[in-house]
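Undergrad: Protein sequence lines correspond, in order, to chains A and D. In this text, residue positions in the first sequence follow the numbering used here: the first is 1, and each later residue adds one. In this text, residue positions in the second sequence follow the numbering used here: the first is 1001, and each later residue adds one.
Rather than coming from a laboratory, the hints here were simulated on the basis of the structure. This one's a predicted model, so the numbers in the text were calculated from it and none came from an experiment. Treat the hints loosely; a few may be bogus.
Stated by the list, open to error - Simulated pairs of lysine to aspartate or glutamate, EDC-like, Cα-Cα distance not exceeding 20 Å:
id	chain 1	residue 1	chain 2	residue 2
1	A	364	D	1133
2	A	309	A	282
3	D	1094	A	348
Stated by the list, open to error - Residues of chain A clear of chain D, computed beta-carbon distances all greater than 10 Å:
id	residue
4	63
5	83
6	184
7	192
8	196
9	321
10	349
11	352
12	356
13	376
14	454
15	456
16	457
17	473
Cβ coordinates follow ideal geometry from the N, Cα and C atoms, glycine included.
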Amino acid sequence: MLWLYIDLPTLPVDLCERSAGPTEAIVITNTAGKIILANATAQAAGIRPSQSISTASCLHEKLLIKRKNELNLHSCLQDIAHWVYQYCANIALYPPDGLLIEIESMLRMHGDVSTLYHKLQRGLTEQGFHPRLSVGLSPLSARALSQSNSALCTDNQQTIKQALLQLSLAHCGFLPSITEKLHRMGFNTLHQILAIPRVELAQRLGHELCTYLCRLTGESPDPQDFYTPATGFERNVDLLAEIDNNTGLLFPLNRLLLDLEIFLRHSQQSIDSMTLQLHHRDSCFSEIYIGISASTTQTKEILTLCSLKLESYQLPAPVTSITLIANHLQPYQKQQTDLFQKAGNPAEKQQLLNRFYAKLSEEKVVTLRIEEDHRPEKSYQIETQTNKDRPGDKKQIHPSDHNNKLTRPTWILQAPYPLHGTAVTLISDAERISAGWWDQSINRDYYIARFPNGALGWIFRSNEGNWFLHGWFG
Amino acid sequence: MDFSTLIYCTYIQYYFLVYFMSDLLSGLLNSAQLWRASENTNYHCPTQNTGIKELNQLLPGSGWPLGNVTEMLCDTPGIGEIRLLAPLLQELSKQDKWMLWVSPPFLPYPSGLESQGINHQKVLLARNLNTPEKLWAAEQGLRSGQCSVVLLWADRITNTQVRRLQTACVDSSAHCFIFRQARAANEHSSAPLRLGLSAVAKASATSTLQLSIIKCRGRWPHNHPVILNIPAIFTKARLSTFAELTTTQTSTQTSTQTAISSAK
């Protein structure tokens, strides 16, 4: 078996840099308040690991300080694993900062080790990480080799074995106390340790070391717990500084949406809605639902929708972190477009609708539908986004099906308006509409009438002899 | 100096004056720097047939200007403002694009649209909006390129906003009609075409629309209003022959003067 280990020693700093930008000086501290990691900008200012926060603050005036245990490294590892999943099937997480990949079964797909190696390295570097990769013959040896920065990229077993034997004891992953003891005994490389009979080693330094050595050299099996990708998308980004204006939210949101797009593309899925959770300082959060009328995978479009939605949203308190949840996933279907773009593009037509729904409220943007009923009030239906039928659910009345000979006005009043004493000129014969005995019976004579101001109205006389206006011939 | 010499001198002076003037004039006329309104026939704007012969003759380019804002100044709904556009809308419903109606005064009646040959499924309706939302919706519709026509009802619209819509319209080459109150005729507007619509008082049985051109780019506007005879309903059959009908049509329906108050 051939394994590849991705070591991310600067993961906490990379994570902060991704959300803050590379120009910020960022340091990561441990619980005791000592600096354990510093990014390039901070290092340029002279900040080194093991300095105290106060020393570092003196060296750089605008320092971003994060404690390591505040960062959500595990979810970040999972995101990386999800990204790696497009290349390899068997991935094991090695928290806090490593990933192990079984690559032998994937070599036929990628051709050779170096192709895969460079694909992963390039991809991770582009995402803002600083990975150290190395292959190994066992999981532990791959980890040891990558942590020692050997950067092995070959499937030649002899070379890998040789590199492992030359490994210094500090990188072998022994317990610090054991490494210390071995050093005092005068051992420096793994080669020297493996030359000693195991029984004697176990007597001196304990059984655990022997078991570990067996796993390291691949003599005993080392079963791994492989990663399975999540079914929905839920990701959180912690803001380095609180944001109190809506436009400021768009930058971190864009990052989230790019991740979402990658997730959707890899899983060949699309979303029709998503929820944005804005977490505030006092552990409460506000939720914004963003509905999308046709499923999409386009980040740019979703970001436009989000900005429209946020424009009209009043933030109750400054935001400390954002969570994006998209659990309603649908199989992605490529929409067919017209080659000559003469006709409207269905996807872009939907985009326009999405924008309207996001900016204006849902009941303000509607379409119309004809119902099969003789009563004018019941012969149409206003369709909003939610009560819209899926195409095919109901028989769509095609224009040609409809009786075009009927005289119907352009404008309809939603409730007939009583006419009191208005002198009008009737300019058409009566049209009797008598229907609806089953629920709301009407019995009316409709006329086209000219009003004194010259407008043409659609008026009717009810059974009781009262006159009503029901529409205008606009 | 005797009298005949005086006459002669005046004649000579006059002759030279005329000679030089005509030379100056012809020089001016021949140079391309002088713009003469009477010769301005080379205004090119893509247009679309209005479907109404009389209207075609009135408008520059013989049709509704594509990619331009047209203002319709009309106080009362129901005088034929949509019927005037019906042939255009009928043509546009063949395209697979939205026809966006932004805050119309009443609800468009789908059956009524269909009876005029307008596909109601292409109608996208934005209603109950405030003025900024109306303008935003209209502009989005134009900029998206997915609307064949945008009909906007907006009373309080400033010239800056009209110009903004005009810019959006030029990019999309869609039609845009803004319906405003008639009093806006006195205000300045950037719309290349402005029409005043009113109903003819004491008209015959069929609806008659009085149309005055307030402004039109590329041609001198007509000074006096023109009366267009538009039937109450454009049915598909009538639509095709409407151009002929408008000139010769006489009312076949007998008009009945009825005071509803008396009928009650």
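Undergrad: Please go over all the hints and tell whether each is borne out by the structure.
TA: Right, here's what the structure says about each hint:
no. : hint             : in the structure
1   : A:364 <-> D:1133 : holds, 10 Å
2   : A:309 <-> A:282  : violated, 24 Å
3   : D:1094 <-> A:348 : holds, 18 Å
4   : 63               : holds, 43 Å
5   : 83               : holds, 34 Å
6   : 184              : holds, 75 Å
7   : 192              : holds, 72 Å
8   : 196              : holds, 76 Å
9   : 321              : holds, 31 Å
10  : 349              : violated, 5 Å
11  : 352              : violated, 4 Å
12  : 356              : violated, 7 Å
13  : 376              : violated, 8 Å
14  : 454              : violated, 2 Å
15  : 456              : violated, 5 Å
16  : 457              : violated, 6 Å
17  : 473              : violated, 5 Å
Comparing the model with each numbered hint stated earlier shows that hints 2, 10, 11, 12, 13, 14, 15, 16 and 17 do not hold.
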